[in-house]
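For the protein sequence lines, the chains are A and B, in the order given.
The numbering of the first sequence is the numbering used here, which starts it at 1 and goes up by one.
The numbering of the second sequence is the numbering used here, which starts it at 1 and goes up by one.
In case anyone wonders, no lab produced these hints; they're calculated from the structure.
Even glycine gets a Cβ: it sits at the ideal position worked out from N, Cα and C.
Fair warning: there could be bad hints in the mix.
[Claimed, not checked] Residues of chain B placed beyond 10 Å of chain A at every Cβ, according to the derived structure: (1) Gly35; (2) Cys60; (3) Ala104; (4) Val107; (5) Arg128; (6) Thr131; (7) Thr136; (8) Phe188; (9) Val225; (10) Asp228; (11) Gln279.
[Claimed, not checked] Reference listing, derived: stretches of chain A covered by chain B, where coverage requires no fewer than 3 residues with Cβ under 8 Å from a Cβ of chain B: (12) 158-168; (13) 173-186.
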Amino acid sequence: MTNADGYRFDPGFLVDHLGELAGGLVRTVEISAIGMAGALVVGALLGAVSAFRVPVARQLVRVYVEVFRNTPLLVQIFFLYFALPEVGLRLDAFTVGWLSLLLWGAAYNVENFRAGFEAVEAGYVEACRALGFSRLAAFGQVGFPLGWRIALPSVTNTQISVFKNSSFMIAISYPELTETAVNIVAVSFRVFEMFLAIGVIYLGLVWLMSIGTRAVERRFAIPGGN
Amino acid sequence: MRSRIGLMVLAVALALTAGCSDSGGDGGTDNGPAGAPVDVGAPLPGNVKDRGKLAIGVKCDYPPFGYIDEAAKNAGFEIDVARKLASYAFGDGNDVELTCVTGANRVSFLTTNRIDLIIATMNYTEERAKTIDFTTPYFSSGVKLLVPKDSTITSFADVAGKSVISTNGATASLWLTQCMKDVKQVLFGQTSEALTALKQDRGDALAQDDTLLLDLASKNPDLKVVGDSKAGSPWGMGVRKGDTAMLDWVNAALKKMQAEEFFWTEFQKTVTDPNLQQQFAKFVPRPGNDLSYPTGPTLVC
């Protein structure tokens with residue numbers, strides 16, 4: 001296939017670079033998995049702190065959320081990688097990779113979980129309290145099990161963004177999938193094939209993730225709705 | 001109140017546009033006032049003529065060849081050459097549309113028709129010549145290493161098995177990929193990021209064209225340039241494969257610049273350090289000093 005400008009579509013060249021792309025994919029999955037797991041745990045924990053209006057801690061969580069939601073992820077990555085060493089903290093690209101994804105994702109998940117926890121009908125929690133449950137027990141037995149189910153769709157959105165944002169690590173030379181592809185393009189100039197290929201890879205993985213969370217949503221659907 | 005704010009905005013906007021047209025000029029080069037187009041001996045390609053501007057991809061992070069100066073304007077040796085081409089084409093050095101490109105994306109900018117010409121510190125390599133056409137060379141350089149003053153690294157052999165910083169798509173990176181496979185490459189998009197990374201000890205050395213490294217070393221006294229020149233090869237401008245009209249016109253224009261001693265004159269203005277000038281005197285096309293591309297591979301180990 002040749003177009004007017006002489007660009008010849010040549011998917012065969014991808015075969016020569018499969019090993020490199022696989023290595024890039026593994027590193028993408030590595031930092032994404034840590035970042036997503038951390039974003040989930042930290043988000044749920046701090047989301048609970050927010051929903052429960054824990055004094056002081058709640059204000060600190062607020063500051064954290066505002067800082068990370070109101071600055072671009074790329075700026076955060078540059079800050080962690082290039083600016084922190086100026087004050088004596090030098091993190092390697094891998095650490096900055098998962099840490100920046102974790103911090104960014106957790107900030108959004110705090111809000112997702114807080115909304116979920118607050119959406120649990122007050123009557124349920126009041127009923128628990130009336131039966132003699134402590135506030136913590138009422139959260140553990142009712143508030144959390146219902147709240148995370150309500151939060152799941154928006155948490156899924158954030159988790160998918162965390163995964164896709166791993167491609168930002170190109171800025172700090174972490175050889176994940178996009179950085180690997182750009183470096184292959186720099187040698188081979190096969191722009192179309194390479195970006196099509198990694199586009200398909202990202203699409204496939206995110207699609208699998210969506211299927212997985214939809215299965216979780218069905219499995220843990222609140223009986224009789226909320 | 002509102003109308004006063006409106007007037008102020010208007011005044012500022014006018015001042016800004018005036019500033020642009022003022023300093024959008026040739027930045028101190030001797031392109032001269034707007035005049036008539038210059039016949040270089042080959043016709044200007046029709047599509048360029050119709051547009052009234054040359055669309056050129058240049059470096060914006062690569063002093064002293066193509067960079068953004070303190071006034072936030074494109075400046076450098078290659079920018080002067082780009083403006084000279086525009087003055088040949090249209091009689092005015094400002095009839096040029098400069099786009100910042102990097103080592104990793106410059107060829108894509110050209111092949112996707114976003115620019116007509118690459119003037120972006122691009123060494124000739126056989127691989128690149130398969131995708132684009134090179135004009136006659138206008139400069140030449142080789143790859144060396146930039147290391148901290150107290151580093152024990154004195155040659156390429158010393159970085160075997162170590163981490164070396166460079167930029168995506170740079171000749172230095174291509175050469176390391178081919179010739180020193182045990183080197184761990186740490187690649188960035190911009191020179192500034194690569195330099196910061198070196199200063200933060202994120203690699204043992206920074207591999208790049210000697211010209212850039214000498215400039216960086218002269219501005220950073222805690223760094224020094226070491227190593228014998230690798231992957232030495234002339235720099236060419238890039239035009240789309242098969243775009244013979246553009247290739248012929250640019251080659252004719254370059255020939256005229258060489259005959260007029262434009263390259264050497266401009267180079268001396270850009271690189272003012274007499275020591276550096278001396279080192280590069282034979283890497284600039286001058287009357288009686290033609291540069292030519294090597295036959296065969298340039299990325300020899």
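Against the structure, the hints:
1. Annotated as non-interface, glycine 35 (chain B) keeps its C-beta farther than 10 Å from every C-beta of chain A; the closest such distance is 34 Å.
2. In this structure cysteine 60 (chain B) is separated from chain A by more than 10 Å, as the shortest Cβ-Cβ distance comes to about 17 Å.
3. Listed as outside the interface, alanine 104 (chain B) is inconsistent with that label: its C-beta sits roughly 4 Å from the nearest C-beta of chain A, within the 10 Å cut-off.
4. Separation of valine 107 (chain B) from chain A is inadequate, the least Cβ-Cβ distance of about 5 Å not exceeding the 10 Å criterion.
5. At the 10 Å boundary, the C-beta of arginine 128 (chain B) falls inside the reach of chain A, the nearest C-beta of that chain being 8 Å off.
6. Against the 10 Å criterion, threonine 131 (chain B) falls within the reach of chain A, whose nearest CB is about 5 Å from its own CB.
7. For threonine 136 (chain B), the requirement that its beta carbon stay farther than 10 Å from each beta carbon of chain A is met, with the minimum near 22 Å.
8. With a minimum CB-CB distance of about 5 Å to chain A, phenylalanine 188 (chain B) fails to clear the 10 Å threshold, and the non-interface call is violated.
9. Once the 10 Å rule is applied to beta carbons, valine 225 (chain B) is consistent with being away from chain A; the minimum gap is 22 Å.
10. Distance check on aspartate 228 (chain B): its Cβ is at least 24 Å (rounded) from any Cβ of chain A, clearing the 10 Å threshold; non-interface status holds.
11. Non-interface call for glutamine 279 (chain B) relative to chain A: holds, since the shortest CB-CB distance, roughly 28 Å, exceeds 10 Å.
12. For the segment 158-168 of chain A, the proposed coverage by chain B is not satisfied: 0 residues have a C-beta within less than 8 Å of a C-beta in that chain, short of the threshold of three.
13. Counting residues of the segment 173-186 of chain A whose beta carbon lies closer than 8 Å to any beta carbon of chain B gives 6, which reaches the threshold of three, so the coverage claim holds.
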